[in-house]
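Chain D is fixed; fit chain F onto it per the hints.
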Amino acid sequence: MLAPGHRVSDRPETAVGRRPLVYLRMGLAVALVAAAPLILHTLGFLGLVREAFWLTVLCQIGIAVIGAVGLNLLTGASGQISLGQGGFLAVGAYTSALLVTRFGVPWPVSMVGAILLTSAVGTFFGLPSLRLSGLYLAIATVASQAIILYLVKNWDAVTHGVGSVVVPRPWLLAIRLDNDLAWYWVIASAAALAVVTATNLMRTGIGRAWIAVRDQEVAAAAVGVRVGAYKLLAFAVSSAYVGLAGALTAQYTGIVTWERFTFDVSVLYLAMIIIGGLGSVSGSVYGATFMIALPAWIQQLGQSVEDTFPVITAKLPAVQLGVFGLVIVVFLIFEPRGLARTRQRINVSFRPWPFRA
Amino acid sequence: MSTLTQLTVLGLANGAVLALVALGFVVIYKATGVVNFAQGELLMVGAYLVAAFLGVPGLHWVLALVLAALAAATLGIAIQVLVLRWLVGRGAVSVIMITIGLAACLRSAVQLIWGTVGQDMPANLPGTAVQFRGLGLPNAIVLPSTQLWAVVLAAAALVAFAVFFQCSRQGLAMRVVAEDQQVAMLMGISVRWVFALAWALAAVSALVGGLLVANISGVSIDLADFGLLVFPVVILGGLESIPGTVVGGVVVGLLSAYASGYLQGQVLGLSLGAAHDVLPFVVLVLILLVKPYGLFGQAQIKRM
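These protein sequences, in sequence, are chains D and F.
318 is the number that numbering that gives the first Met the number 0 gives to position 319 of the first sequence; each next residue is one higher, with no gaps.
184 is the number that numbering that gives the first Met the number 0 gives to position 185 of the second sequence; each next residue is one higher, with no gaps.
Simulated from the structure, these hints should not be mistaken for laboratory data.
No residue lacks a Cβ here, since even glycine has one placed at the ideal position from N, Cα and C.
Fair warning: there could be bad hints in the mix.
Reference listing, derived: stretches of chain F covered by chain D, where coverage requires no fewer than 3 residues with Cβ under 8 Å from a Cβ of chain D [said to hold, decoys possible]:
| id | segment |
| --- | --- |
| 1 | 84-91 |
| 2 | 236-245 |
| 3 | 282-288 |
Ranges of calculated distance between the beta carbons of each label pair, as one might list FRET restraints [stated by the list, open to error]:
| id | chain 1 | residue 1 | chain 2 | residue 2 | range |
| --- | --- | --- | --- | --- | --- |
| 4 | F | A77 | D | S303 | 27 to 37 Å |
| 5 | F | Q118 | D | F308 | 21 to 31 Å |
| 6 | D | P316 | F | W60 | 47 to 57 Å |
Same shape as in the complex, but just chain D:
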């Protein structure tokens, strides 16, 4: 019963009072992820989309989701801007690739190694966060990106320098992971694991402490949150996710080169979580999907009109870049809390639906 004059709150609902709906939503999400290849296959069969292309895009989205979820724990939840995402992805990718090719480690073990090492490197570069915040920290992470990329490019003895590391196609039990469909299941499972762990982590004391540090550092310290420890923990946990994403990139693409991990990648990931919604795990998923699917869609669109306008092919990267920039600007001005907020707004407007226009 609503008291007179009471307005429907647009604050995010907590899951507690609305359990059945939460399970329904989770079930729908799982069903959608599971059915995606089938839907794609049907659409491809009908000639509406290029199935192989979009399956690759789905795999890329899955990896991006893991990285974005990780970055959102750091930037969204604990409020520390990181522009070093590309570098940390590189650490994960090279660690996993080199463990497999040099030391003959089984690839799942190499992923664990990648997660641990990336986490350690991330924590190291998080050390300035103990003394810095905001703008200065952002600049410090730019430096970490430059330093890691330099090491990867020039440490010939370890990373083959500017060359590439070729990773053999891995086996999962009796299945050889050499096609996008097989990889889709592996990546989707990993992404689901990342989403579930991150969602739950946000409900624990750790997640609450991060939010406290983000919102009021001094107040958090006053109520007994060890600010420094939780900041470093955020770097460690976030980098662990990023390490997983990097390792998956290495194993999935089968080849590791430094070009995949430039500053532009760091920017792309930051854009994902801002467009998805800072501090929201589901927002990371929306943002990653949007920012990977959009350029892919533009590319498809460009190729489809290629025959009529041959000029477009050369201009395509510039168009993609421009749309990328415009999307960021438009979202920051008109929907600063991202797609997660858009979804909430839609939910709220539908809640009293049959009874009010």
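Below, chain F alone, put in the same frame as chain D:
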């Protein structure tokens, strides 16, 4: 010996350009509180604008430079008025991200208008080869005049900006806004106009920097990479300090010039040939760990 001199001139030339670009960065940061990740793109756009106006047949080069500077200033004002005005009072992440978005837009626009292939600066700027003899040196040293011009012109531009801030009414208004926005409003200063002016000045100083760099290495998209090098410079000097940008620029310029000249070979399989790219960032991290707010920056005090 001659290597040292050449490297020093090269370092000073780069440092002077970096100082100019960093000056624009600091002006924006002081006046509006925005950390501008699009500073390198402003430099790139500036270089393209200069090249475009110099390329107009029959246009005197002085007039061409003035028109280019006006165009850059208009672009700066447009960025503030059309985009950044909406973000007053938002968090650091949003503000940083919107400048990154703007950077992508500028880069894309340049690629769409002028293509992705680099070009040479139209050669109608005055310039002569400069030879140094004597000075106790065994051989005559031939220095590219472009590098010397870069040092001289950048120094002149920096002095001009300093005079503007110290002596003009507008400069005074900008300093007041940087000090305290509320006081500035009470004094009848239009804070909006000062914000726009800050962006215009930043765009023009980046244009001068772009002109000088492009005169040495040609006009291309890669000029935007100078944007990231601004960070070591401003961290060295402090985000709020205008004299700091000169110190930071010269230190970073000389450091990478000497590193490119003298650091070679391998250490533990790590080749040092490209170390000059990364050395400024190593210095940046070290400074942040020891003196978090730079050599001339103001310490931030956290309040609840």
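- request: Just pull the numbers of the violated hints for me, sorted ascending.
  value: Numbers 2, 6, in rising order.
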